[in-house]
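J.: Chain residues, written in single-letter form:
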Amino acid sequence: MTPQSCVKIREEWDIVSARQLGREMAKKLRFSTVDQARITTAVSELARNIYLYAEEGQICFEVLETADHKGLSVSATDTGPGITDISQVMQDGFTTSGGLGAGLPGVKRLMDEFDIQSEVGQGTQINTVKWIR
Amino acid sequence: MDKIMDLDISHYKSLLKKYLRNQNEQSLYGVELVSKSFIKNNILPDEIVNLHIQALSELCPDLNLDVKHSMDFLLEAMISYGLALQEVQTLREEQLALKSEISVAANMQETLLGTTVPEVEGLDIGVISVPANQMNGDYHHFVKGNDGSIGIAMADVIGKGIPAALCMSMIKYAIDSYPEDKMSPEMILKNLNRVVERNVDSSMFITMIYSQYLPSESKLMYASAGHEPGFYYNAEKGTFKEIETEGLILGVLPDTNYKRYELEIHEQDMVIFLTDGVTECRDGERFIETEEVLNIIKEYIDLPAQEIVTNVYKHFEKLQDFQLKDDFTLLILRKEV
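So the sequence lines, in the order shown, correspond to chains A and B. Taking our numbering as reference, the numbering of the first sequence is continuous, increasing by one, and the terminal residue is 904. Taking our numbering as reference, the numbering of the second sequence is continuous, increasing by one, and the terminal residue is 467.
There could be a bad hint or two in this list.
[As the list claims (entries may be wrong)] Subject to a maximum C-alpha distance of 25 Å in a straight line, what follows is the list of computed DSS-like cross-link-like pairs (lysine-lysine):
{"no.": "1", "chain 1": "B", "residue 1": "K274", "chain 2": "B", "residue 2": "K349"}
{"no.": "2", "chain 1": "A", "residue 1": "K879", "chain 2": "B", "residue 2": "K170"}
{"no.": "3", "chain 1": "B", "residue 1": "K148", "chain 2": "B", "residue 2": "K166"}
{"no.": "4", "chain 1": "B", "residue 1": "K367", "chain 2": "A", "residue 2": "K799"}
{"no.": "5", "chain 1": "A", "residue 1": "K798", "chain 2": "B", "residue 2": "K198"}
{"no.": "6", "chain 1": "A", "residue 1": "K879", "chain 2": "A", "residue 2": "K779"}
{"no.": "7", "chain 1": "B", "residue 1": "K428", "chain 2": "B", "residue 2": "K367"}
Everything labelled a hint here was simulated from the structure, so no lab data went into it. Please read all numbers here as calculations on a predicted model, not as lab measurements.
Kindly generate the complete structure, drawing on both the sequences and the hints.
T.: Here it is in structure tokens:
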């Protein structure tokens with residue numbers, strides 16, 4: 772059994788809780804300081820996306836252990852409107868919020884693995900992994 | 131590359147050590163060089179802050195705890211900058227790729243639309259056509275008929291850039307398919323109008339002037355589809371006169387008739403065709419007057435036609451700070467004998 776824990780995202784304040792849990796787990800796994808900060812920023816982006824566009828969802832963390840390396844999986848699940856054009860939101864320079872968000876391309880850069888699935892009207896699921904270097 | 135990186139990292143540490151000791155300019159110059167190497171190797175700002183934190187804790191093990199925490203705080207603040215930097219890098223690469231793709235297209239356009247000035251005894255022809263951006267939305271083409279006539283087409287797509295350029299290729303191949311030396315200017319426009327009306331988006335318009343010069347009769351026949359009027363230079367009187375033109379822009383109505391005009395040309399007379407990129411040159415915020423174009427032509431009137439058009443272009447290029455607002459095409463035909 773690998774430990775898994777989740778944070779529900781309903782209001783902006785929940786983003787901080789998700790960041791906190793993500794950082795604690797990254798610290799416990801002995802990620803470098805820079806990687807801890809990157810994982811936390813990715814968590815923040817994912818949680819903000821849920822808060823801004825889906826209204827309700829959750830961020831889950833899971834410790835991954837394979838024969839030769841250890842990592843942290845961060846996934847975001849929501850039951851929001853879904854994404855019509857995934858390739859568009861994965862493009863640099865595209866942010867619908869109009870703000871300075873790093874957006875999903877930013878999350879992809881911060882993490883080592885990135886996978887996204889979305890159904891319009893049903894929701895979005897994003898799975899990411901960061902491995903310990 | 132990792133080796134170079136390790137070298138830079140240890141260099142950074144030693145430079146910092148020196149600087150903490152004596153705060154001299156030499157170490158600051160050193161870190162400027164290291165910083166450039168970091169940029170070259172795509173090292174992100176957060177990684178540099180992290181490197182600084184590590185170096186500092188080695189150099190000052192008894193560092194104040196508040197300062198230590200503040201450095202972690204700074205690292206956190208730098209993460210998003212790193213992301214923004216990566217995004218800019220990607221966009222810059224994409225832009226370069228796009229630019230080179232467009233320049234390939236522009237080269238291809240030049241080949242597709244290429245035309246050579248015909249050599250006819252007793253006629254001096256000069257032409258210059260320069261796009262505002264990489265691709266040209268102006269078009270000119272010469273046809274030498276079997277009967278010794280010279281056909282000259284000049285067109286302008288309203289708008290510029292890639293859509294205009296694509297449109298021009300279609301026009302050229304439509305003209306190519308006509309037995310031109312057997313067709314008069316007004317018939318060519320009538321046919322082209324049909325092609326444009328059927329094939330081009332209704333928001334795009336093309337103006338064209340098509341002329342035919344018959345050296346044996348010293349006669350110029352022409353028809354215009356809403357094109358910028360040209361000028362006739364009477365050498366004897368030394369005066370310019372706007373060439374009479376009337377005709378609907380290509381592609382507006384499916385069945386349009388065009389009127390044929392005729393002009394008799396005497397020795398040393400000139401006919402000038404141009405696009406609105408010439409008459410709508412700007413001097414700062416001010417559009418130039420047509421008079422100004424004619425005055426510049428007059429200034430160089432003793433030169434061969436090609437040198438006149440080149441000099442006129444150079445004049446207006448300079449006037450607009452070497453940045454054309456629109457594609458620029460100017461053609462001069464002079465009867466020498």
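J.: Let me make sure I understand: some of the numbered hints might not hold for this structure. Which ones are they, in numerical order?
T.: 4
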